[in-house]
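S.K.: What follows is each chain in one-letter form.
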Amino acid sequence: MRQAMRGAAGKRRCPAAALRAIGLGAAILLSAGCGGDAGPDTGMIKVGAIFDLTGPTADVGTDYGDGVRGFADWINSRGGIEGRPIDLVYQDYGYQVDRAEQLYTQFVGEGAVIFMGWGTGDTEALRLRIAEDEIPFSSASLSHRLGDPAEAPYNFLLATTYSDQFRIALQWIADNHGGGTPIVALMHNASPFGLSPARQGGVAFAEALGIDLTLYEMPRGAVDFTAEFSRIRQSGAQYVVFQNTSGPAAVALSNARSLGLEVTFFCLNWCSNAQVIQLAGDAAEGLMGTMPYAPLSVDVPGTRVIREYLESRGESAEGKTNAYTQGWWTFAAFAEGMRRVLAAGEELTGANIKAALETFADHDLGGVTAPVTFTPTDHRGSKGLRIFRVEEGTWAPFTDFVEAPGW
Amino acid sequence: MSLDCGVFHTRYEADMGLRPRPLQRLRLGILALFVLVFPFVASPYWLDLANQVAIATVGAIGLNILVGSTGQISLGQGAFMAIGAYTAGLLTLNFGVPWGASVFAACLVTAAAGTFFGLPSLRLKGLYLAIATLAAQEIVEWAMTNWTAVTGGTEAIVLPAPVLFGVRMNTGFNFYWLAVLTAAGTALFAANLLRSRIGRAFEAVRDQDVAASVIGVDVFRTKLLAFATSSFFVGLAGAMIAFHRNIVTWERFTLSTSIVFLAMIIVGGLGSIRGSFLGAALITLLPAMITNLGRAIQDTAPQVASLLPYAQQAVFGIVIILFLIFEPRGLSKLWENLKDYFHVWPFAYRRGESRAG
Chain A
2 MRQAMRGAAG
12 KRRCPAAALR
22 AIGLGAAILL
32 SAGCGGDAGP
42 DTGMIKVGAI
52 FDLTGPTADV
62 GTDYGDGVRG
72 FADWINSRGG
82 IEGRPIDLVY
92 QDYGYQVDRA
102 EQLYTQFVGE
112 GAVIFMGWGT
122 GDTEALRLRI
132 AEDEIPFSSA
142 SLSHRLGDPA
152 EAPYNFLLAT
162 TYSDQFRIAL
172 QWIADNHGGG
182 TPIVALMHNA
192 SPFGLSPARQ
202 GGVAFAEALG
212 IDLTLYEMPR
222 GAVDFTAEFS
232 RIRQSGAQYV
242 VFQNTSGPAA
252 VALSNARSLG
262 LEVTFFCLNW
272 CSNAQVIQLA
282 GDAAEGLMGT
292 MPYAPLSVDV
302 PGTRVIREYL
312 ESRGESAEGK
322 TNAYTQGWWT
332 FAAFAEGMRR
342 VLAAGEELTG
352 ANIKAALETF
362 ADHDLGGVTA
372 PVTFTPTDHR
382 GSKGLRIFRV
392 EEGTWAPFTD
402 FVEAPGW
Chain B
402 MSLDCGVFHT
412 RYEADMGLRP
422 RPLQRLRLGI
432 LALFVLVFPF
442 VASPYWLDLA
452 NQVAIATVGA
462 IGLNILVGST
472 GQISLGQGAF
482 MAIGAYTAGL
492 LTLNFGVPWG
502 ASVFAACLVT
512 AAAGTFFGLP
522 SLRLKGLYLA
532 IATLAAQEIV
542 EWAMTNWTAV
552 TGGTEAIVLP
562 APVLFGVRMN
572 TGFNFYWLAV
582 LTAAGTALFA
592 ANLLRSRIGR
602 AFEAVRDQDV
612 AASVIGVDVF
622 RTKLLAFATS
632 SFFVGLAGAM
642 IAFHRNIVTW
652 ERFTLSTSIV
662 FLAMIIVGGL
672 GSIRGSFLGA
682 ALITLLPAMI
692 TNLGRAIQDT
702 APQVASLLPY
712 AQQAVFGIVI
722 ILFLIFEPRG
732 LSKLWENLKD
742 YFHVWPFAYR
752 RGESRAG
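From first to last, the protein sequence lines stand for chains A and B.
Per our numbering, the first sequence runs over residues 2 to 408.
Per our numbering, the second sequence runs over residues 402 to 758.
The following block holds chain A by itself, in its conformation from the complex:
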């Protein structure tokens, strides 16, 4: 008993501290162990990417991510870029800005030379850092401002921006309306993404065309838009344009159908895809879509290569949306930029890749998008697209490539 007490008293001093020291030591080791080793100048080309597989835009994010991964796999099976295989490092970030920043720092620390981003929030948050780090950055966010090198020198937009898409839709409405003032309702996601087509020139453009434009916010997670539609009905709108992902747009389409609303519906980028048809069924019939990336059902060289790849993997192109095409061809364009750097015998740095991308002049992406042109003063790759229309349950090209009307 005495012994035990003495022992207890004697032990009062040190072990917890020692334990803590061990813990901290382990932490240091861990941090050193996981630390970044810069990418070597030959061999693998490291590319960082974040996908939204679990967040609010996972409905389209999953296919986009699969498309990016598919292209990496495909080009590696063909020997990589100028003989150098791609090492694609990617993670889900759940549409959280903090996580995007963590992953960006991690991947760039490990030597990624380009970065494939995703949402508007994370792309905006990283805009300054990528310019500092000189990391060419593609995002699926097509916010107009990101295409202006003065504001975002390392951001590249492959597809038509949201506001250009909106202008194309408005122009089509103005051209095909017939008599009277066209009344348009823009139903948008409650976010920067949702507002960007209207805020970045859309409102002014509608005014110039003599279109009566009203904005309606679609609250996140809403499952019923009856209230919005009754206001839209009262306004006498003949056209409703959605700037949202396919889930909410499909809900709205079904709502409108059950309310018997007779208007022409337009979907901008993120809801003009196969999913919206799948979800809305018959209600999607006649839906128009400004679709910068052709769906896999359209037969052009750029979709054929994807279908062949999927077949070789034993997968079906069925159920893959045009987000898959977008992921694939976005990465493919950057890969072409990197190829040009390597072909010229230059070092694969961010600045060189940026310069190479800025030499794109009417670069053809397999007919999937309108030809892509980048210049040092304009990073909006393509300014045109085809309007598609849902006919008997599939998206069919409705117009030829249409240039976005000038500013």
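None of these hints come from the bench; they were simulated from the model.
Some hints could be false.
Said to hold, decoys possible - Covered stretches of chain A (in silico footprint by chain B; criterion: 3 or more residues with CB under 8 angstroms from a CB of chain B, positions within the stretch not fixed):
(1) 86-93
(2) 100-107
(3) 122-133
(4) 184-195
Think of the CB as a built atom: it goes at the ideal place given N, C-alpha and C, for glycine as much as any other residue.
Here the structure of chain A is known, so what remains is to put chain B in place on it, guided by the hints.
M.R.: Frame of chain A, contents of chain B only:
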């Protein structure tokens, strides 16, 4: 040879110190040493994580003063951080206020806003107050995105980089020192506050507000003071985020931010400064660690790795539930248990044996 048993203080000052025992000071010293050495050995990635943890610690301490110590549930953390971030950002951007001054102004403005949104606590308690603060969150979120004239709407605000004596402070390494000093200062202030008369009043209000008013605590005033103090530090965290990234976007300050911070203090330990830090660290690092785990097993077990992103959402919830069930006092209490265990190790007192003996 005499054997020391216990620590004897001969002066009140020594007895009342924050770290009265040598072992505590030793641990603090080791921690300080680690904090000093860390940025020199860490990669940019780990520095970035450390900075996020430091900022989260400031925010969590702030929230803990309100929720943990005073017992006023708040779902408005994201809103108050937003007020801090936007105030700091807009003052510097529009009026050219030096960043240090605008950070301080942001703290004061947030404290004022917190006090205002704390007014319902006069009548409301518990769940009802939670809903009132939820309203604050919604109002601020709406203002951020729609009050275009002031906040720039949904567009991000780009700030000039903070510069101190000609050195840019928001690189990972430089910001680290700023963030760590701020977090340490916040912790020191909060630790001392909770030992003071005001801090005791906070706890009295939390434990039993009627009894508190009987012994002479002005309950409403104390609650408002808690809202103000808490919001001051929450605003500080928001302002730090603004200058850390040079860019303010509303998407960082949504309701989910409020919930993540509540999770931090629940997992860390309600009413504990140490808990605020441990919780902030765990909740910030957990997703990153799961990500790293996923990357590590990507080649060996791709099936499992591809499921991890989905598991991550569940893990977050499970961690909170497990803590609520098994250790409601959080990581902070676990750390104390660990200390207690080693205190008498290896001669632990075992209940069964001693009864038998």
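S.K.: Please go over all the hints and tell whether each is borne out by the structure.
M.R.: Hint by hint, here is what the structure shows:
no.: 1; hint: 86-93; result: holds (count 3)
no.: 2; hint: 100-107; result: holds (count 6)
no.: 3; hint: 122-133; result: holds (count 6)
no.: 4; hint: 184-195; result: holds (count 3)
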